[in-house]
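Colleague: First residue of the sequence shown: 1, per full-length UniProt numbering; consecutive thereafter.
Heads up, a few of these hints could be off.
In the BS3-like style, the derived pairs of lysine-lysine whose C-alpha atoms are separated by at most 25 Å in a straight line are [stated by the list, open to error]:
hint, residue 1, residue 2
1, Lys329, Lys270
2, Lys389, Lys329
3, Lys329, Lys295
4, Lys270, Lys295
Pair by pair, the computed Cβ-Cβ distance ranges are [what the hints assert, rightly or not]:
hint, residue 1, residue 2, range
5, Ala384, Gly216, 16 to 26 Å
6, Gly227, Leu25, 27 to 37 Å
7, Pro276, Ser38, 41 to 51 Å
8, Gly64, Gly216, 28 to 38 Å
9, His225, Ser89, 21 to 31 Å
10, Tyr308, Ala51, 54 to 64 Å
Simulated from the structure, these hints should not be mistaken for lab results.
Ideal placement from N, C-alpha and C gives every residue a C-beta, glycine not left out.
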Amino acid sequence: MAHYQQRGQIPPKRHTQHRDGEGNLYFEELMGEEGFSSDSSLLYHRHIPSAVKDVRIWELPDHGTTPNHPLRPMHLGLHDLFPGEEWKSTDPVTGRRLVLGNGDVRLHYAVAGEISPLYRNAIGDECVYVESGDAVVETVFGDLEVGEGDYVVIPRATTHRWVPSGDEPLRVYAIEANSHIAPPKRYLSRFGQFLEHAPYCERDLRLPTDPQVIAGEDAEVHIKHRGPGANGIAGSVHVTPHHPFDVVGWDGCLYPYAFNVADFMPITGKVHQPPPAHQVFEGNNFVICNFVPRKVDYHELAVPVPYYHSNVDSDEVMFYVGGDYEARKGSGIGIGSVTLHPGGHAHGPQPGAMERSLGAEFFDELAVMVDTFRPLEIGEAGAAVDDGKYAWTWAGGRRR
Numbered sequence: 001m002a003h004y005q006q007r008g009q010i011p012p013k014r015h016t017q018h019r020d021g022e023g024n025l026y027f028e029e030l031m032g033e034e035g036f037s038s039d040s041s042l043l044y045h046r047h048i049p050s051a052v053k054d055v056r057i058w059e060l061p062d063h064g065t066t067p068n069h070p071l072r073p074m075h076l077g078l079h080d081l082f083p084g085e086e087w088k089s090t091d092p093v094t095g096r097r098l099v100l101g102n103g104d105v106r107l108h109y110a111v112a113g114e115i116s117p118l119y120r121n122a123i124g125d126e127c128v129y130v131e132s133g134d135a136v137v138e139t140v141f142g143d144l145e146v147g148e149g150d151y152v153v154i155p156r157a158t159t160h161r162w163v164p165s166g167d168e169p170l171r172v173y174a175i176e177a178n179s180h181i182a183p184p185k186r187y188l189s190r191f192g193q194f195l196e197h198a199p200y201c202e203r204d205l206r207l208p209t210d211p212q213v214i215a216g217e218d219a220e221v222h223i224k225h226r227g228p229g230a231n232g233i234a235g236s237v238h239v240t241p242h243h244p245f246d247v248v249g250w251d252g253c254l255y256p257y258a259f260n261v262a263d264f265m266p267i268t269g270k271v272h273q274p275p276p277a278h279q280v281f282e283g284n285n286f287v288i289c290n291f292v293p294r295k296v297d298y299h300e301l302a303v304p305v306p307y308y309h310s311n312v313d314s315d316e317v318m319f320y321v322g323g324d325y326e327a328r329k330g331s332g333i334g335i336g337s338v339t340l341h342p343g344g345h346a347h348g349p350q351p352g353a354m355e356r357s358l359g360a361e362f363f364d365e366l367a368v369m370v371d372t373f374r375p376l377e378i379g380e381a382g383a384a385v386d387d388g389k390y391a392w393t394w395a396g397g398r399r400r
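Please model the entire structure based on the sequences and the hints provided.
Modeller: Written as structure tokens, this is what we have:
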């Protein structure tokens, strides 16, 4: 996203000498996408960013998946994944459990109270939705204070850690891509500025503080990368001779940021608007949308809930995080639920929802949706909290 920023101390010209007060050179690092052909930032380190003293294997949580076969829609209760006070000894990175995934994107869930290790995802960008709780996301670029309703977009290979704050559990829904994640191209000018029809803009993005410099030796960085593990995903730990948070300044168009769902301005119409009106981000072969509290259709004969639709080209995943989702009443779905409506299956409102919605002027609902353009498979967490009966709710709740 070409929105230039500058933090801390940088030299007047790029790729030129930059020294500290004692005359020592800082080490310039270019962090860039698409092989020097897309957005990038220049970071100035006190120490050599390539230095590693030791490496070992990080045994990742289960990243295996099983096909959705025979094909069926599913209802998954994510709030059942971390019972009791298990969250107090869980962190938001190593404690993630895989709900659904494919070769383009993986959807994880965690409930956490512990500080995560230093971490970077070398496979793709992450978009982490904070369902509830508060945290500081410390990064090499600076810190982000985040809380309920925040999307936190973290570029690939950004070293960071999550520091939960407060007494309540931090609940996070982590969307891990095999690509970059950015605002939809149709929201942006050819130079990268948000256009007037976009439902959010630069003013809504919260950017990192000035970078912090932490002294210390022998830091451990957990790295998720391509490799021999389940679905081609592996983990390693690098031991570095100095703390990676040693950046004195940076500038460029690549950095982490936060965006709160309450700042999304919903696009409404005289009749029901299709899901692209709710889109917030996109990645390779998937999109992220959000359904927020909003006025609904004002045609005198409008049916406010969605029409039945077949996902010809995509699987649809909905994470219900707030309000009262009108189209799903009577299905058992509530806050913390995830539904999977796979490609090849027509879906829509539960029985009776269409009639109940007639005359409605406002929907109080909040949900995060991910549509994928390749089939999703079921992770260990998804299998653990499948209610086993959602598929039959349109037929009166009975399986033959």
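Colleague: Compare the structure with each hint and give your call.
Modeller: Hint-by-hint comparison with the structure:
For the proposed pair Lys329 and Lys270, the alpha carbon gap of about 24 Å is at most 25 Å, so the pair holds. For the suggested pair Lys389 and Lys329, the alpha carbons sit about 15 Å apart, so the restraint of at most 25 Å is met. The suggested pairing of Lys329 with Lys295 holds, with an alpha-carbon distance near 19 Å, which does not exceed 25 Å. Between the alpha carbons of Lys270 and Lys295 the distance comes to roughly 10 Å, so the proposed pair stays at or under 25 Å and holds.
For the pair Ala384 and Gly216, the supplied restraint of 16 to 26 Å is violated, since their beta-carbon distance comes to about 38 Å. Take Gly227 and Leu25: their Cβ atoms lie about 34 Å apart, and the range 27 to 37 Å holds. One distance hint, 41 to 51 Å for the beta-carbon pair Pro276 and Ser38, is violated here, with the actual separation near 24 Å. Between Gly64 and Gly216, the C-beta spacing of about 36 Å keeps the proposed range 28 to 38 Å intact.
One distance hint, 21 to 31 Å for the beta-carbon pair His225 and Ser89, holds here, with the actual separation near 26 Å. About 58 Å separates the C-beta atoms of Tyr308 and Ala51, a value consistent with the hinted range of 54 to 64 Å.
In terms of the numbered hints stated before, the structure departs from hints 5 and 7, listed from lowest to highest.
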